[in-house]
Structures are given as C-alpha cells and as structure tokens.
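Asker: Generate the whole structure from the sequences, applying the supplied hints.
Residue numbers (the working numbering), protein chains in the order written: chain A, 1 to 375; chain B, 1 to 503; chain C, 1 to 325; chain D, 1 to 408.
Keep in mind the hints are simulated off the structure, nothing from the lab. Take these hints with a grain of salt, some might be off.
Said to hold, decoys possible - The list that follows gives simulated cross-link-like pairs (lysine-lysine, DSSO-like), each with its CA atoms no further than 30 Å apart:
| no. | chain 1 | residue 1 | chain 2 | residue 2 |
| --- | --- | --- | --- | --- |
| 1 | A | 136 | D | 343 |
| 2 | C | 96 | C | 20 |
| 3 | A | 229 | B | 363 |
| 4 | A | 229 | A | 136 |
| 5 | A | 176 | C | 96 |
| 6 | B | 363 | B | 444 |
| 7 | B | 187 | B | 199 |
| 8 | A | 10 | A | 229 |
| 9 | B | 109 | B | 187 |
As the list claims (entries may be wrong) - Quick partial rundown of chain D residues pointing at chain C, CB under 10 Å, derived from the structure:
| no. | residue |
| --- | --- |
| 10 | 45 |
| 11 | 48 |
| 12 | 147 |
| 13 | 153 |
| 14 | 155 |
| 15 | 316 |
As the list claims (entries may be wrong) - Simulated coverage check for chain B against chain A, where a stretch passes if three residues somewhere in it have a Cβ under 8 Å from a Cβ of chain A:
| no. | region |
| --- | --- |
| 16 | 315-329 |
| 17 | 348-354 |
| 18 | 367-376 |
Even glycine gets a Cβ: it sits at the ideal position worked out from N, Cα and C.
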Amino acid sequence: MTNLDPRLQKLGLGLLAPVLALVLAFLITSLVLVLAGDPVGEVWSTLLGVPAERNVANILNNATVLYLSGLAVAVGFRMNLFNIGVDGQYRVAAFVAAVVAGEAWLPGAANTVLAILAAMLAGAAWAGIAGVLRAKRGVSEVISTIMLNFIATGLVAYFLRRVAVREEGSNDIGTKEIPEGSRIPGFQIGDGSTTEVYGFIFLAALAGFTYWFLLNRTRFGFDLRATGKSTTAAVASGISVTRMTIVAMLLSGAVAGLVGLPLLFGDSYSYGSTFQSGLGFAGIAIALLGRNHPIGIAIGALLFAYLDEQSNPLQILVGVSPDIVAITQGVIVLTVVISYEVVRRYGVRLEQHAVARALEAGRATATDQEEEARA
Amino acid sequence: MSDVAPAVRLRGIGKRFPGVIANDDINIDVARGTIHAIVGENGAGKSTLMKILYGVQAPDSGTIEIGGTQVSLGSPADAIRHGVGMVFQHFQLADNFTVLENVVLGAEKLHGIGAAARAEIVRISDAYGLGVEPDQMVEDLGVGARQRVEILKVLYRGARVIILDEPTAVLVPQEVEELFANLRELKAEGLSVIFISHKLDEVLSVADEITVIRRGTTVATVDPSGTTSRELAELMVGSELPSPSTEASTVTDRVTLHVADLGLPGENRPLLDAISFDIHAGEVLGIAGVEGNGQAELVEAIMGMRPGATGTVRLAGQDLTELSTRRRREAGIGYIPEDRHRHGLLLDAPLWENRVLGHQTRKPWARRGLIDRGASRTDTQRIVEDYDVRTPGVDTLARALSGGNQQKLIVGREMSGDPILLIAAHPTRGVDVGAQAAIWGHIKEARRLGLAVLLISADLDELIGLSDRIEVILRGRLVGSFDPGQVTPEQLGSAMTGAGGAA
Amino acid sequence: SDEGTDEGTDNGDAPTSDVKVGMAYDVGGRGDQSFNDSAAAGLDQAMDEFGMESQESEAEDGEAESAREERLRTFADAGYDPIIAVGFAYAASIGKVAEEYPDVHFAIIDDSSVESDNVASLVFAEEQGSFLVGAAAALKTENDHIGFVGGVETPLIQKFEAGYIAGAESVNPDIEIDVTYLTQVPDFSGFGDPAKGKTAAEGMYDNGADIVYHAAGGSGGGVFEAASESGNWAIGVDSDQYNTADPSVQDSILTSMLKNVNVAVYEYLTQVNDGEFPSGVTTYDLAVDGVGYSTSGGFVDDIVEQLDELKQQIIDGEISVPTAP
Amino acid sequence: MSAVTTRRLPRLWWLGAAVLVLLAISVLRVVTGAEDLASSGTVRATLIALVPIMLAGLGGLWSERAGVVNIGLEGMMVLGTYGAGYFGYHYGAWAGVAGALLMGAIGGLIHATATVVFGVDHIISGVAINIIAVGAVQYLAALTFVGLPGGGQTQSPKLDNVGSITIGPLSDALGEVEGQNIFFVSELAAVARALVTNLSLLVVLAFVLLVLTYWVLWRTSFGLRLRSTGESPSAAESLGVAVLRYKFIAVLISGALAGLAGGFLAMVASSNYRDGQTGGRGYIGLAAMIFGNWRPGGLLAGSGLFGYTQTLGLRQGGTSVHALLLAVAVLAIALAGYQLWRKQVRLAVGILVAAAALITVYAAIDVVPGDFVNITPYVVTLLVLAFASQRLRMPAADGQVYRRGSAG
Ligand SMILES: Nc1ncnc2c1ncn2[C@@H]1O[C@H](COP(=O)(O)OP(=O)(O)OP(=O)(O)O)[C@@H](O)[C@H]1O
Ligand SMILES: Nc1ncnc2c1ncn2[C@@H]1O[C@H](COP(=O)(O)OP(=O)(O)OP(=O)(O)O)[C@@H](O)[C@H]1O
Ligand SMILES: [Mg+2]
Ligand SMILES: [Mg+2]
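Answerer: Set out below in structure tokens:
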C-alpha cells in the first residue's frame, strides 16, 4: 500500500469518482447514438463546443435556478428527508412572490425584500404540511409531497385565474408585472452578449454559503446532520426529532421558495402559465450529484445547465432530438453514484487497513512488554 | 473416540480481512456427542471461525471435515446440507414473520410451508421441551423464546452439529440453566454442540472440552475438569482475570436521583409501574431483571426519551419531570446506552463529532450556537489517550472501531461532562476482558468521586461486584431489594423470574 | 430522426427559392395531429409550391424561457429568415429576440401582444368557429344536452369554451352544457392524456349529453373513442378531424371547428415568397375563413344553411361572440 | 394458510367491506341526488383508472417486499407505454403487452443492477431511472414513430386493443335494473354490469396478477423467501437463501409490472402511446401501495379510492365531488366521536370544526369548481394517510442496501 498523505489520497479518490462517471456516461450516450444511427461526432462537437457569451449567461442563469432547487432538496437529504415536493413549493412560493411584488405595497427594493420573504414563507408553509404530517402522523414525506405537488397545481391555477391580468392580444395570463424599481438587475458578461446574468445569482451564492455554514458550523446543523445519520442516537443525545423534522422541512421549503425568484425578478417579472415548471425534480438529481455539498451542487447545477443549453440547438443544427441529453443526465446521476459507491468501499477498506495497522502495532508493543516482563 | 471420525475437524484454517488476520492456522476436533466450548478475547476470531464453518465466509486456507469427509462450504446452504446449524450472536429472525415462517424459511423442501411443517415444529418442540408455538409472531417473543426458536430452526434442518455464538450474553441464570439442559439433551441424542462464551464459569460447567483462541490461533485445548477460570483467562489474554469487586462504601446521605411513582403505559400492561427509588451521591444502584421487563424503558423514562411517562424525576433537587432529554443531560446526567450502535454513536461520523454528540450545548466546543471543531478535536484526543481508545486518529469514522473501543469512547465521553449521575446500561456487554476491567475501574473511580450510578446489567457478577444496592425489576415493577454483599446470582435470578422473594 | 424537410432542389422543374424558413413548434411538434401539425401542413404546402428550405425544432415540456429564446436565436444565427413561432408561449421570447435581430423576420401564431416592425402576429378568432360548432351541436342534439372537454384550463382554451356555449345558447337558451377541463396549468398533460379525455366524455354521455366538443389536443382521441363506443357524436378541433382521426371513429365526428393555422402559415409564406415580409396583426376569423367548421362526412349538411346564416351575422357584426366564459 | 393475513380478520372480510362501501355510496346517492356516484359508467371508468395505478403499485409491492424501494416506477411505466406503442403497432396487441412488460423489465434491470449489485441508494437509482426513461422514450419516439401514419414525435399510431368481454343480454338486463333507481339494487346492478360490458382482457389480467401476487408471495416458498429478503436479509442468507438473487428477480418483476401499467395506459385506457401520458401515475401507484400497507388487498383499496375519486372528478366532477363533501363531513363527525371516546377532546373539537366547515361549503355551493375537483384524489389520499398511517408497517429492511456475506 502506498504511503500517500491521507488527505491527498482522499482528494484523489474524491476526484476519481466523478471523472470515472463522466467518462462512463459519455460512452453510454455514444453507444445509444450509434445504435440509433445518429451522427455521434456532430452531436458531441455541438454539445462540447465552446458556448458563446450569451449561452454562458444562460448557463449561469439556469444553473442559479437549478442550484437553489438542489439546495432545497439537499437540506432535506441531510436529515434523510426526501423532499419530492420542491416542485410544488416553488410554484406556490413564486406565485405568492409575484402577487406581492406585483401589488407593490412597498416601494422599490423594500418591495423586493418583502416578496422574497413572502416566497420563503409560502414555500416553508407548503413544505411544513408534509413536515407536520411526517412528524406528528408518521406519513411518509415521499407520498405527502407528491400529493402536495398536485394540490399546489390546482390551487395555484385557481388563484392565478382570480388575480390574473391579461395583456391585450396575449393568450397568456399572469400576475401583475413587477414594477421596474423592484426588479433585480442583471449584469453583462463580456461585451457582445445581449443576455444578462441574473443579479439573483449572488443571492443564490449567499444561500449556498448560508447552507454550508448552518449545516457544518452551527449546533443546529450538527443536530440536523446527527438526526440524518441516526435518529435513535439523535434522540438519545437530546435532539427532538419531531421538532427537527418539522424545522428541516420548513427550511427546505423556504429554500425551495427561492427557486422561482431568479426567473421572476430577472426575466419574466410575473407568474403566468408559461412559468418554468419541473425544476424540483431536476433539483433532486442535482442534489444527489453534488452529494449534498454546496460546491458539489453548484457543479451539478452547472453541468445540467450546460448540457441543457448546449443541447438546445441539436435539432436545428444536427437534426438529433435534444432528448438524448436527458439520457445523458440520468446516466450521469447513476454512474456518479455507482462510482462514488465503488470508490467509497475502496476508501473504507483503506481506512480499515489503517485501523488494523494501528492495532497490530499496539499488539506488538504489548507483546514486547509482556515478554520483557517475563524475562 | 479415536476410531470414530470426529463430528468436525478443522485443520489449518486461515482467514484474513483487509489488514487483519482474523484466523491463522486454527486446528480443532469436535468429538461426536460432546459440547465443545471455544473461548478467546474480543476480536480473537471466534465468530469468524464459526462463520467459516457455517459457510458464510470462505476460508483463505485450511480444510474442513464433517463426519470424516472433507467438505467445501460455499454458502450456509452447503453447511446446512452437511448437517451444520448455527445460532448467531445477534438473532437472525424476521420479526414480522411467524415462528413457522422463520423456521421453514430456506427449508421449505422438507415439509412444505403448511400443516406438515407445523406438525413437525410441534413434534420437535415437544421432543426437546422447547415450548415453541408455530403461529406466534416473533416480535411478540422474549429473548429466551427467540433463542429456542433459533435452536428449533437448526434442529428442523436435521443438524448434527450445532454452533451457538455467545448464546448466554442476554440470558438470566435460570434461562441459562434451561438452555444448558436443552444442550445436554441434544448431546445425549448424539449431536455435537460448539459453544462460544465470554463467561468462563459457564463454559467450565457445561463443556466437555475447551479450545482457547488467541489472536486468531488455537493456543490450547483443555479439559474443563482440570482447569480453573483463572487459568483459562491467562491462556486467553496472558494476564489475570479481573473481577468486579466491591470496595469500601462511599455512599453519602445526599440524594442525587430521586424517582417517584414512575409509570409508563403499554399496550396490554404498563411497561413501568409505580417505580420509586433514590440514588445517593457515591452510590451505585444496580437493576437486575430479565431482558424486556422494563429496564430499557426505565432508563429511557429517566432520560426523558419516553413521551407517555408519568411520575417524578428529581436530580439533586432539580425537578426534571417536564424537561427534555437535552435539558436533563445538561442537568448532569451521563448516559451509556444499552445499544451503542443505535443510541450511542453516529457510526458514519468521525470520532470528534461523536465526542460532541449528546454534549452539543457544552463549552468549549459549542459556543453561541456554533460548534468549535478545534476544541472538540483536542478533547477527543484527550479521551483517546485517557481511556485507551485504539484508533489511528480522531478523524476516523466510529464504524471502523471494534466494539470494545467504541464502548471506551462512549464511556470517556459520558464521564467527561462532569455528570452527577451516570446511567450505565450494560456497559461491558460483548467487550473483551481488558476493556471490561478498564470500564469497571472508571465506574469505581467515579463513584469514589461522589457520582451516583444507575447500573443495568445482564451480567449478575458485574452487578453484584459493582453495586451498593440491587433492585430487581419484573414486568415493569421493582419487586425486591438486595444487598450485593449477601446475595448470590442464583437468588437474584429467581427473584428476576418471579420465583423468589426479597431478601 | 432528421425531419427537416430539405426539399425543393431534387428535380429540375421544381421551383426554387433561397428562403430558409425556421419553424419553432410548441410542445408536441410535428405529428401531434393537432395545432402543430396544422402549422406543419401549411409549411409543407409552401415548401412544395415555392421550393423553400426549412428546418424545425420543438419545445420541451416545462422548458425555460431562455430555451425558447435560444431556439429562435439559433435559427437566426444559422441564417433562417423568416422564423415562425407556433404558439403563444413564444410571445415573450419573440419580443426579445426580434429586437436583437432587427433584420430577421418573425411570425408568431396565437399572440398579438408583440408590436415590432419585424414581427407578424397571426391570430385566430377561435370563439367564432366554436360558436358555429356550438350552434351545430345545439341544432343536432336530441337531448338538449351537450358537453365540452378542454385539455388544460388556459385563456386560449376558455375562448373555445366561451364561443361554443354562446353558439349553443343562441340556438337554444335552455340547453344544458357540461364542461370539464382535464388539467390545470402548469400541468399540460391534459393535452396528451387520451385516457382522461375518454373518461370525461363518457361521463358526459352517461349524463345524457349526446354531443361533446373537445379542445384537448391529443386527449381528443379519447373523446372520439367514447363517442364511437357509446354511439354519440363528437366534435373535432383545429383541423378536419374526420380526415385525420383514426378511421374507426370517423363516423362519430359530427364536424370539426377549423382553426386554419395551415392557411395562416401558408399565406404568410406566400407573401414572403413574393418578397414582402408582413408585420403587425393578421386576424384569421370567419370573414377570411381563418376559422370555420368542416362538413366532411356530410353529417351537418341539413343545417348548413342555418350555420351559414349565423356565420354571416357574425361577420356582419350582428352577433358578437364572447372570448371568455 | 399463512397466519399473517387471516389471523385477525374473518375470511371474507373484504367482501363485507365492499358491500358496506357500496351501501354507503347508495345512501349518499339517495341523499344528495348525485346520480353518477355509482353508475355502471363510473364503475367501468374507475376500473380503467385504477388498473394502471394498481399495476404500478403491484410493481412497487414486489420490489419493496424484497426490500428495494422503487421510486423509479414512474420511469418504468413510461418505458412500458413506449414498449406497448412500438411492439403493439408493429406486431399486434399481445406483442404490445409483451413489449410493455419487456421495456418495464429493462427499467427494472437497471434498478436491480444499481441497487442490488452495486448497492446504490435506492432513491437515487429510482430518480435517475425516471430521468433516463423520459429522455429515452422521447428520443426513441422521435426515432421510430415519425413518419408512420398517425405517428409523430409525441405519439404512436393507433394501437389495436387486446379484446374485451361483453355478455350482451346480461348487460342489457342489468342496464334495465340499473335504470330503475332502486336503492342499493341499482348500484349492485351497475357494478355487475360494468363487469360484463366491454370488459378489457387486460383488466382481467391485471386482477389475475393481483391475486397471483398474493398467492405467490404469501402461499409459496418462493414468496416466503422473497419476502424474507425484505424483512431480514441476513437471516435469510443465514438459512441459505440466495438473497441477492431474490432481490434481483423481485425488482425485475417489479419493472415488468410497472411496464404493463404503462402498456395498459397506452392500449386500453387510450389507444396509442403519447408522450407524458403517465402523468405521475407511477408515483400514485407507489402511494397506493404504501396506503395499502404493502399488501395486495390494501393496494387495491388504495388504487380504487384514487381511481374512483379521479373518475368522479372527470365525469361529473362538480356534482359528484360536491356529494363527496357531505360524505367526508359525515365521516369526520364519526371520527370526532371516536376521538371523543378516546378522550382526545381537543382533536375531536378540531375535527368537528372541520366537519362543520365542510357542511357549510356543501350547503353554500351546488357544484365544486374544476380546480378543486381535479385535486380531490390527492387531497383524499393525503387525508386518509394522515388518519391511518400509524398502523402501516413496511418491510423491516425496506430501503436498506444489503451486501452478500453480511449474515450473522
Ligand atoms: N467482515 C469483516 N471485515 C473486516 N474485518 C473483520 C470482519 N469480520 C471480522 N473482522 C475482524 O476479524 C477479527 C476477528 O473478528 P471476530 O468477529 O471473529 O472476533 P470474535 O472472536 O468473534 O470477537 P467477539 O468476542 O467480540 O465476538 C477482528 O479483528 C475483526 O475486526
Ligand atoms: N461486513 C463488514 N464490513 C466491514 N467491516 C466489518 C464488517 N463486519 C464487521 N466488520 C468490522 O469488524 C469489527 C468487528 O465486528 P463485529 O461485528 O465482530 O464486532 P465485535 O467486535 O464483536 O463487537 P460487538 O461486541 O459490538 O459485537 C468491527 O471493527 C467492524 O468494523
Ligand atoms: Mg464474535
Ligand atoms: Mg462480538
């Protein structure tokens, strides 16, 4: 066995897994393309081509949204809670935020802050239902959040029609537009790009940092992670699991409440029937890809956003259905966890080696002393 | 004896795990119709050897002969086919299945899964006096009954060689006696029994032959009639057998823990019923009882982990009754849980995080809601040194430590919060003799310093040796108080099963 | 998988043109036997006649706004001009991208909210066509009880509903009309779930309705099946579904509300071929036969006169059809 | 006979329960005048709606009884819709059934390989399969259905049906009886009529599979072994059961059943493959299985409840769901009484207030708005779970990754 610095070794192992996974996903996707008779080379050169500045902006924007979704899911995962309901939570929240911001009870930035808080509250409340049901009634959060997603759809549709304004000549309905002064300005990258990067990206980064700090540095985070690792040990250590379950769901829902806001404040300025849906499910995959680590989730979000963006012109330029990328994304999720698992087992073995060596050493000295004593 | 081939003959068995040599050149002969005991230190390789003989794990080297023919065992199915059966240390039963289902599983070819199988179970149960009912749910059974189901499973498959790995760790003396009676009956039928235990007195009383394993190798095979437990222990560890022994009383007149009228409702009968006692500073109160009679519930009720509990709990004058588990811990309770894997540790967290567990609100590693990793690491290092936890470092995952070392870490953690009350549930269960002695030492030391200790143990010698007073718990009630200086394990045992009265 | 129709240059006498049309479909794309397909038909006709070149791309369910924008930009960057966006979902992206590419020409179907010199809005008076089939239903029903199945409850589909009800009530003010929507936004599965369409229609037939009009895209197949199995009538939508639906249900399709997206696309491309790029709003209503009803199968032959009279009244402005229920 | 199932309940309890439910519905019909509550059309549509959910749930049952959580049911179902579309169009109806089973089983194969062989977290694998399946069928549909008559990127050509059973005279006679509106008798006739009128062979097959599942899992030694790997894999392995093999087989079967659920949607509930036609029914199937306490009978009840409420909503949603409000209110009052008896006064008062609110709403409106009609099945499922879930018991080792050689 090599006597590498264990930290270095750990880092090497950590990198090995995703690289292995990406290569594997690349091969599997190529195989599918070959079997289907699609032009493999052209597909990859389109997908892996250097994105233009405006595409970079799009990638960053979509990654921001996916990142928040991944964070929301990850909060639950750290406590072994499986929040499938981010989808419903962010839609309820985005709708509430759009109404609040559209009504503009407060001027300018104050309006923005109020809307963001309202969104977080709404997301938290919607997730909280599942939290309470789980904590108090033992209802699996997997089932309750699935049901709540559908219920959110119906309720939001109902209330949207109640408050909607409709632009002349448009078949879309939406909430009132957010006044100019309450929008979150974006910024340009490079000089040629017409697409701006959402200003919300900084808030997303802040959310990521807060997530990291809260979970890894605070007592609350310790309690949350401990509960996730072993409910029974958590109870014995004095953590109220009921309370933690509800709080974790509230927190997850609050973050989920942010998911739609970059779109709302940076792009659409209202919530309507074309508001992007399905972001919660992407978040699950991204949280899993990033192993619930804020940096990992960011990488996962960027990877998914990159693949989505790059696949967009596939049909126009190469004549291949962009759905191939969904296969790639799913395969990546699978290969990543498989290679993490393989690498993890290997790591555990290394660790056991180390423990065993220490034990052997201990025994050797003990035997020596014994023999000395006899002599 | 020499004409007949032995029931089992192991020659040169070797097995290594990554970095560990679990077995190395093991040689054992088990004669037919005998009880053959195997003893050895924690981690000596006994279970590994038995798993090899039962086909769970494949040996790296060596040969196995059963009934005179050399066999190769690729899976438990192979072993079963060759007439080997095993009762594991941790019962291998599906709780949500009936006894019948548990028994016939994997052996459906013998008598099907219906009426014929039921009849066969009843027949075996009657023949050996096991008292097993086929249609009961296993979750409704007590420990002793579960063990009899395990034995019935083995017999049902027509095993001629029966392996029992630490079967007595959870039994009270009466149950142990019943078990031994069953074993002798099996022996009389010509079956061979391989029996593993850390309790050397038991081994001496029941075995016909004893093999000692040390660091994966057979060091001796002895005849119990010519050996003492002291000699056995020396063979095992190369040092003297330590024992828990009472020292001069340190009991003060200050009441540390006051429990009054503690109750806990259950489905059919109360799990705890009108329990009252005091523990003084410097006093060790032992609780004796057959597993499942409320000791776990008692501990959890005192810790505030049982929502429905009624009654009063006071710690040094402070009323804990309405407080949460965390508040109770903060008030000065140290807690060594019965099941370290479930309640004591985060197996997939590093040792320093495990150091924080249960002490999340204590300085210096927790300040203003934040966790100070540096401070925790330093203090974990201190425990590792003071309590002789064998580990490469404080960043090692708890899972990687052996049972004994995990336990030492827990003991170190719970002793270092300056508790005024220590609740120790089975503090030395499954722990090797060296670590056992160290843990006893720590408890005695703490008692000397004025700690109140609530000790729960299935090991009656430990209980008698360490306690200043022993209460017996039966069906959720305290049914008798004993002076450890006077009582024998047998007397305690009969009180625990409801057969005897208080002294 | 390449459905781009690079036709037009394969034989000598075919007309040629150097116009490259980019076609951005809504979710479902070519082959949805509905709205998108109708647009595709107009495109194909123009390709054949004018020898244009075209490329197609379709939206993904629940995609990001930026994905729609990028689709349009990719077309523009690759030299496609004009670019036709099928569906109101493209409204915002057309507005944005048209500004970025002032020299490229755009057309959008079903939206007239974008005002720009290089954007043509092609919109339909769906309520007028629906009015006529509503009237037809009211004239044909024997139970004075009819139904409407909407795919997803959006303002656009509600327009169909409003016209249908108005038309039916203009004939018989006491008529009973069942209305069901299969899903709510943003769950657009109501346009692709024939099972739900069938259940909803069966419910109406069992409840006494004998004619059901659907504006439910792909779910409409279920409505037809329900009609055919129970021996009742159904009314198709968008294209003449008597001709496009499966032959087994043909005889149950009383008529179809025609929304001639193909005509709109074809006419637009005709002008492009003539070298002019229209802009502004073109409304395809009854007056220009942009909407209407079909007579295939001959099941409404007996009431054509009454319907045409109503049609004239609408054209003349004597009847004004509501656009929201 | 397995003691587990029938120990506490009399043999034909489910028949009694069914009669009770029907009786309750009859009363509700008479009281509210919502005629569609138990018409033969409703019963038939309920059958069609519940079968895909039940089959998906059955898939979940096989997998979870062997200890593997299968959140990938939705994806396997999606694969099944495509399998039915492709094979059904090219080779005929029964080939479509086989194709659905096969495609679902491929999904199961991926899940089994990931979870059983590589020990990947079950949920992660399931989520990945859902993503892959949706992408794969869209990609495949674009590849194989474009250009076929009536086919396109998002749909297959029309598929043949597998055939159905109608017993004409009986159906007509029962129709007569149903039409008479006799209390309870009409309802019974409606149910019977739905069973003899245009009953798809796949519906029959689905119910055969349900019974077969019960029989195999609870009456055969194969089933005993399979269930043991979900209750205590290490005990099973210690008795010579090839744990991983059973888990693997169970997940394969699970995938095939979910695939069949998709095939049913494509071929019976509608008549072609359509993109997105599963509409989350795989998740509902999972919910129905949990609702049914990991048992076939309970699963049937769960999918029946869901299918019934959904059907009511789609058929004559406004009035039928309006009637349901009253039923729920009455149930709530009964529940409040029970809680009162258990001395849970605060809970009882809370429930009573909710019941009063429901009755007020019932009195105030005549039809329930469409948005609320559409969410009825989900709300009802959530409510029932909230009040019943403590009694649920999942297989003890469900969701845990098992490694070979961990016995003892
Ligand atoms: N599956 C395994 N992987 C790695 N190491 C193992 C494994 N099983 C056992 N070991 C190691 O093999 C050695 C022997 O373990 P074994 O369980 O046989 O001990 P034992 O004598 O039964 O101990 P105890 O008295 O505590 O039951 C120990 O060092 C243990 O850490
Ligand atoms: N399947 C396994 N994979 C990896 N390591 C294992 C495995 N089984 C056991 N070990 C390791 O072997 C050691 C001993 O395991 P074992 O279960 O025999 O515990 P033990 O020492 O007998 O403790 P206890 O008294 O708690 O039973 C531990 O260090 C454990 O990490
Ligand atoms: Mg052991
Ligand atoms: Mg052990």
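Asker: Give a verdict on every hint.
Answerer: Now for the hints, and whether the structure bears them out:
no. : hint          : result
1   : 136/A / 343/D : 18 Å, holds
2   : 96/C / 20/C   : 21 Å, holds
3   : 229/A / 363/B : 23 Å, holds
4   : 229/A / 136/A : 20 Å, holds
5   : 176/A / 96/C  : 19 Å, holds
6   : 363/B / 444/B : 26 Å, holds
7   : 187/B / 199/B : 21 Å, holds
8   : 10/A / 229/A  : 21 Å, holds
9   : 109/B / 187/B : 27 Å, holds
10  : 45            : 5 Å, holds
11  : 48            : 7 Å, holds
12  : 147           : 8 Å, holds
13  : 153           : 5 Å, holds
14  : 155           : 6 Å, holds
15  : 316           : 5 Å, holds
16  : 315-329       : holds (count 6)
17  : 348-354       : holds (count 3)
18  : 367-376       : holds (count 3)
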